[in-house]
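Here the protein sequences come in this chain order: A and B.
Quick note: the first sequence uses full-length UniProt numbering, first residue 1, plus one each step.
Quick note: the second sequence uses full-length UniProt numbering, first residue 1, plus one each step.
Keep in mind that the hints were calculated from the coordinates and are not lab data.
It cannot be assumed that every hint is accurate.
[To be verified] Below, a list of computed lysine to any residue pairs in the SDA-like style, where the Cα atoms sit at most 25 Å apart:
| hint | chain 1 | residue 1 | chain 2 | residue 2 |
| --- | --- | --- | --- | --- |
| 1 | A | LYS174 | B | MET159 |
| 2 | B | LYS67 | A | ASP137 |
| 3 | A | LYS174 | B | LYS174 |
| 4 | A | LYS67 | B | PHE106 |
| 5 | B | LYS174 | A | PHE106 |
| 6 | A | LYS67 | A | ARG94 |
| 7 | B | LYS174 | A | ALA50 |
| 8 | A | LYS174 | B | PHE138 |
There are 2 protein chains.
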Amino acid sequence: MSLEYAILVSLRERAGSGYELARRFDKSIGYFWAASHQQIYRSLKRMVDAGWIDCDEVAQDKRPDKKVYRVSEDGAAELARWIGEPATPSSTTRNDLSVKLRGASFGNTAEVIAEMTRHRDMHAERLELYRTLEQRDFPVPARLTGRELHQYLVLLGGMRVEEAFLSWCDESIKALENDGGEAS
Amino acid sequence: MSLEYAILVSLRERAGSGYELARRFDKSIGYFWAASHQQIYRSLKRMVDAGWIDCDEVAQDKRPDKKVYRVSEDGAAELARWIGEPATPSSTTRNDLSVKLRGASFGNTAEVIAEMTRHRDMHAERLELYRTLEQRDFPVPARLTGRELHQYLVLLGGMRVEEAFLSWCDESIKALENDGGEAS
DNA sequence: GAACGATATGCAACACGTTGCATTGCAACC
DNA sequence: GGTTGCAATGCAACGTGTTGCATATCGTTC
């Protein structure tokens, strides 16, 4: 249900086609709410039916036609309503790395260390990306207000979480390696 | 697909019935992989069909009969295989709080602050819980080895992530409040 | 001119998670 | 004796996410 609200936010920032939205969900808002183009097209259809967005067909030079969507008044109202609504119990945690770690003694510990190292590197890379985006888009965070501030805070959340995963991976790899050396 | 591996881990730690597994998924392993009893019963059926687990019907005094499941050799082999397997691209991030924050200027900022405060409190509570569990189950973390170490590291991951969310919420609430005071 | 990649939209099938409901046995409480 | 509550198992329907495929235009490259 919530993807539709992510789309509303993105379309309120700027109207666009399904394809453009899919590009945005490959980065930017997509870092915090993943979605494929199939999901997006399917949702756009439902949202048109619900009257949350309107659609203009736009013919283009040198490119296939596209359908540009923008948020209707009903859609804007619905978005505002959802933003104010207390969220459902939330955070259904599902972390397969934790499951693997917990089951490490039923598998091969060396493989688990390798897997944690892979994840460590992925989180480090993602953190690097966020820091690059921060420097590029928000060089002076202290002065931000309004929509820019909100966007910055979302990015900050991403950094905090990646930092946490990174330390966790580092600590765990160290502990597993020590354990392999002494016990096992 | 991955729930079945979480169940395998849990059943290798100790054989049990569907109901008992559902209780375990209300805490312990469930903090890192959420699952309802319907999912669990459904998965157990599939896993029996696949030959990953075996089932004994156990009659009980003063209670309904139950079906106790244990991991078969095939199941153990499959679990070990999965643990060693590099995980799929992973972490499909979906954080509705980030979406709400990003859309704050299209809703009511005061409501967003209230919502972030609610989440802040939930994360603080969860962190408290993890710290209690740590003190209860792992009073001397430095000496842990093997399976206990693995369980501790999973808990540590939970704490790191909750700490991160907590600081993020605190920072964001502060920034949003300041922004409301000066600009807007 | 064939092949490839980007733009652009979409269907169908399947896997997985959620919600709501249903049933049985027994104990305890009022 | 009826209600409540825990133990225990399960079905059906629906919503959402994933995977694989299909199609069309246009520009560039081999």
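Each hint, compared with the structure:
no., hint, result
1, LYS174(A) x MET159(B), "holds, 17 Å"
2, LYS67(B) x ASP137(A), "violated, 58 Å"
3, LYS174(A) x LYS174(B), "violated, 36 Å"
4, LYS67(A) x PHE106(B), "holds, 24 Å"
5, LYS174(B) x PHE106(A), "violated, 45 Å"
6, LYS67(A) x ARG94(A), "violated, 36 Å"
7, LYS174(B) x ALA50(A), "violated, 37 Å"
8, LYS174(A) x PHE138(B), "holds, 18 Å"
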